[in-house]
Amino acid sequence: MNHPTNPKHPEEAFLEALALELAAMPDAEILDGLDASQVMERGKQALAAAKKEAGKRRLQRAKSALAARGPASNADETPVSVGEARAFLAQAANDPRYTLAARKLDEMSDEDVLRLYRQAKRLDVSDND
Amino acid sequence: MSAEPSTTPRLSTSEVEAIFQGFGPADWQRAETLASAAVQGLVGWSPRDLLHEALVGLLDGSRTCPVGVHPMVMLASVMRSIVSNARQRVAASPVDLGVRVGHVDGEYAEDTRPAAHGEVLLTPERVAEHRELLAAVEDLVKADDELQLLLMAWADGSRGDEAMQALGWDSKTHDAVRKRLTRRLAPLATEWSLR
Chain A
12 MNHPTNPKHP
22 EEAFLEALAL
32 ELAAMPDAEI
42 LDGLDASQVM
52 ERGKQALAAA
62 KKEAGKRRLQ
72 RAKSALAARG
82 PASNADETPV
92 SVGEARAFLA
102 QAANDPRYTL
112 AARKLDEMSD
122 EDVLRLYRQA
132 KRLDVSDND
Chain B
-5 MSAEPSTTPR
5 LSTSEVEAIF
15 QGFGPADWQR
25 AETLASAAVQ
35 GLVGWSPRDL
45 LHEALVGLLD
55 GSRTCPVGVH
65 PMVMLASVMR
75 SIVSNARQRV
85 AASPVDLGVR
95 VGHVDGEYAE
105 DTRPAAHGEV
115 LLTPERVAEH
125 RELLAAVEDL
135 VKADDELQLL
145 LMAWADGSRG
155 DEAMQALGWD
165 SKTHDAVRKR
175 LTRRLAPLAT
185 EWSLR
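Chains A and B, in that order, are what the protein sequence lines are. By my numbering, the letter at position 44 of the first sequence is numbered 55, and the numbering carries on one by one without gaps. By my numbering, the letter at position 90 of the second sequence is numbered 84, and the numbering carries on one by one without gaps.
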């Protein structure tokens, strides 16, 4: 199992051997003299607590990554008038990066124009990243 | 474990979670025994702390595992990495509040640890209590020759039939000693969350 061509550190070898020996032992032997339901309950609690913490850490990493991109990447925070948004989108209609039919702009509500503007700016930012 | 070459297929976090969701009571007891063994000699960590950190690392993707590795080996490897880092921090700085991790917001009724992490200041006296893992485990089994022999075999990379032959034991003797050793390493109820 562990041979001189790639010798493991004794601590690593010990823990790996312990892991494999525990795995090889029958469940009945592992639980001999123990309250299986209590052990299971501790395990479920451990898993639930770990999942909760893992979720927090993933979220924190995502927040840190967003913060590292800087304020210029957040088009939602930059105030813009509907007119400016329409003008931008009218120009974008001629930009091969965007699939946008200029004639549809006149038919869109102000809210839709602003939403589309923000989407286009986000694409613009990610292209430049 | 995360230092494996990037071309080796790794389990996804959802695959890892599915493994743990499938654990029965015996699997959790195995995991607790591994955690208890791995923290031997390390002041400031309980077996529960270590199991928590190992599970979190595997579930949040910060620690990964190659496909095909036995779940217990996966846990053992992650735990060893965590405690190895913890021992290095202690060696670098005796007074390190960051050593205390894994506070689970009091979700466990029996968690009576002080809330202030400053309670776990590692004074020079406590630092001196730190033992290397094998030295601490050897201390645990020093009164039992057979346990010491099996421990040495495992630390040497021998287990199962190989260890039996090297030690000159029949399977009945080997299984009995193995059971005694794993029981000695398993956490006592009072040790599970307090250290």
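Derived from the structure by calculation, the hints contain no laboratory data. The structure presented is a predicted model; accordingly, all values stated were derived computationally and were not measured. Ideal placement from N, C-alpha and C gives every residue a C-beta, glycine not left out. Treat the hints with caution; some may be incorrect.
[To be verified] Where chain A lies over chain B, by a calculated footprint (3+ residues, C-beta under 8 Å):
# : stretch
1 : 5 to 16
2 : 32 to 41
3 : 54 to 63
4 : 132 to 141
5 : 149 to 155
[To be verified] Partial chain B-side listing against chain A, Cβ under 7 Å, derived:
#  : residue
6  : Pro19
7  : Leu45
8  : His46
9  : Leu49
10 : Val50
11 : Met66
12 : Val84
13 : Ala129
14 : Met146
15 : Met158
16 : Gly162
17 : Lys166
Results for each hint:
1. 5 to 16: Our answer is that it holds, as 4 residues pass the Cβ test (under 8 Å) against chain A, meeting three.
2. 32 to 41: violated (count 1)
3. 54 to 63: Per the Cβ count (3), the hint holds.
4. 132 to 141: violated (count 0)
5. 149 to 155: Since three or more residues must qualify, the claim that chain A covers the stretch 149 to 155 of chain B holds, with 6 doing so at under 8 Å.
6. Pro19: With a closest approach of 4 Å, the Pro19(B) hint holds.
7. Leu45: Since chain A brings a Cβ to about 6 Å from Leu45(B), closer than 7 Å, the hint holds.
8. His46: holds (6 Å)
9. Leu49: holds (3 Å)
10. Val50: holds (5 Å)
11. Met66: holds (4 Å)
12. Val84: violated (15 Å)
13. Ala129: violated (10 Å)
14. Met146: Since chain A brings no Cβ nearer than about 9 Å to Met146(B), farther than 7 Å, the hint is violated.
15. Met158: violated (12 Å)
16. Gly162: At about 18 Å, which exceeds the 7 Å cut-off, the nearest Cβ of chain A leaves the hint on Gly162(B) violated.
17. Lys166: violated (13 Å)
Consistency note: the structure conflicts with the earlier hints numbered 2, 4, 12, 13, 14, 15, 16 and 17.
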